[in-house]
Amino acid sequence: MITLNRDRLLIHKDQDVVILRNRVKEYATKIGMGLVNQTKLITGTSELVRNMLRYAQGGEVLIEVVSRGRENGIRLTFSDRGPGIADLDKAMQDGFSTGRSLGLGLPGTKRLMSEFSIKSAPGEGTTVTVIKWKNG
Amino acid sequence: MDRIPILKMGQFLLVTIQIDLYDRIALNLETDLVQMIHKTGARGVLIDISAVSIVDSFMGRILGNIATMSKILDAETVVVGMQPAVAITLVELGLPLNGVFTALNVERGMNLLQSRLASNPDEEEDEDDNPE
Chain A
1 MITLNRDRLL IHKDQDVVIL RNRVKEYATK IGMGLVNQTK LITGTSELVR NMLRYAQGGE
61 VLIEVVSRGR ENGIRLTFSD RGPGIADLDK AMQDGFSTGR SLGLGLPGTK RLMSEFSIKS
121 APGEGTTVTV IKWKNG
Chain B
1 MDRIPILKMG QFLLVTIQID LYDRIALNLE TDLVQMIHKT GARGVLIDIS AVSIVDSFMG
61 RILGNIATMS KILDAETVVV GMQPAVAITL VELGLPLNGV FTALNVERGM NLLQSRLASN
121 PDEEEDEDDN PE
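Taken in sequence, the protein lines are chains A and B. Following the working numbering, the residues of the first sequence are numbered contiguously, the last one being 136. Following the working numbering, the residues of the second sequence are numbered contiguously, the last one being 132.
Read the hints as simulated data drawn from the structure, not as lab findings. The C-beta atom is built at its ideal place from N, Cα and C for all residues, glycine as well.
Distance condition first, Cα-Cα at most 16 Å in a straight line; then the derived EDC-like pairs of lysine to aspartate or glutamate:
(1) LYS134/A x GLU71/A
(2) LYS25/A x ASP20/B
(3) LYS13/A x ASP23/B
(4) LYS30/A x ASP7/A
(5) LYS13/A x ASP2/B
(6) LYS30/A x GLU71/A
(7) LYS110/A x GLU92/B
A partial selection of chain B residues facing chain A, derived with a Cβ cut-off under 10 Å:
(8) ILE54
(9) VAL55
(10) MET59
Derived CB-CB ranges, DEER-like:
(11) MET1/A x SER119/B: 57 to 63 Å
(12) LEU7/B x THR3/A: 45 to 51 Å
(13) GLY41/B x ILE31/A: 49 to 55 Å
(14) GLN11/B x ASN5/A: 49 to 55 Å
(15) ARG108/B x LEU4/A: 43 to 49 Å
(16) SER119/B x LYS13/A: 42 to 48 Å
(17) LYS90/A x ILE19/B: 32 to 38 Å
(18) LEU88/A x SER115/B: 46 to 52 Å
(19) GLY10/B x GLY99/A: 37 to 43 Å
(20) PRO96/B x THR3/A: 33 to 39 Å
Using the sequences and the hints given, assemble the complete structure.
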């Protein structure tokens, strides 16, 4: 996989979500991603960044334009230094939440993205990496 | 800007969301709308989201909350103008907005509210023959 372009954003407060969504949209438009895939990508972004704000008081998002073979896409890496997730299998189930949400954030986002991976351990923060291919 | 304006038109309240939502604004809207229903005695709420490019699980939940809260205060809620890409995304996300009335555009949304109101007129009889 080749990285063509990258950008880094710090997320500390609610309003940063709007800036991040706009930045992701810019990159997605630049590679010619269609509206439905853009909407899925940005909705997933919104879910993941909310988790970061709620459970870890913020963190960092890396936005990259990546290419593999003939396919272009956007890769996003969300990293925080929050409390981490004790049971990843449970966190990936629909309807499970330790907060007061619907528990759709992680499993729902996985469905919206082309690729999804999560690394976390209690006390070590959480890193979520997602890719949305232009035609994926 | 932290608030979305709510307009009163006859028995209905109109909300047009023209900005990118974040959680604080959505929560404020929920509170403001419920208070406006209480204050004005409105029988219906129409929320136009045609300018909203994404609805995630939080905002979806707020829309559901607004519908439920208005119902308790005897007002119907209809969400109109959802973009096709938003509808596709919501269903894939796993949030089909159960319990929220929707309509394609403002005109149809208004018709829906008016017909709901006509079939469920003001308290001519006592409230206890209302199944809800």
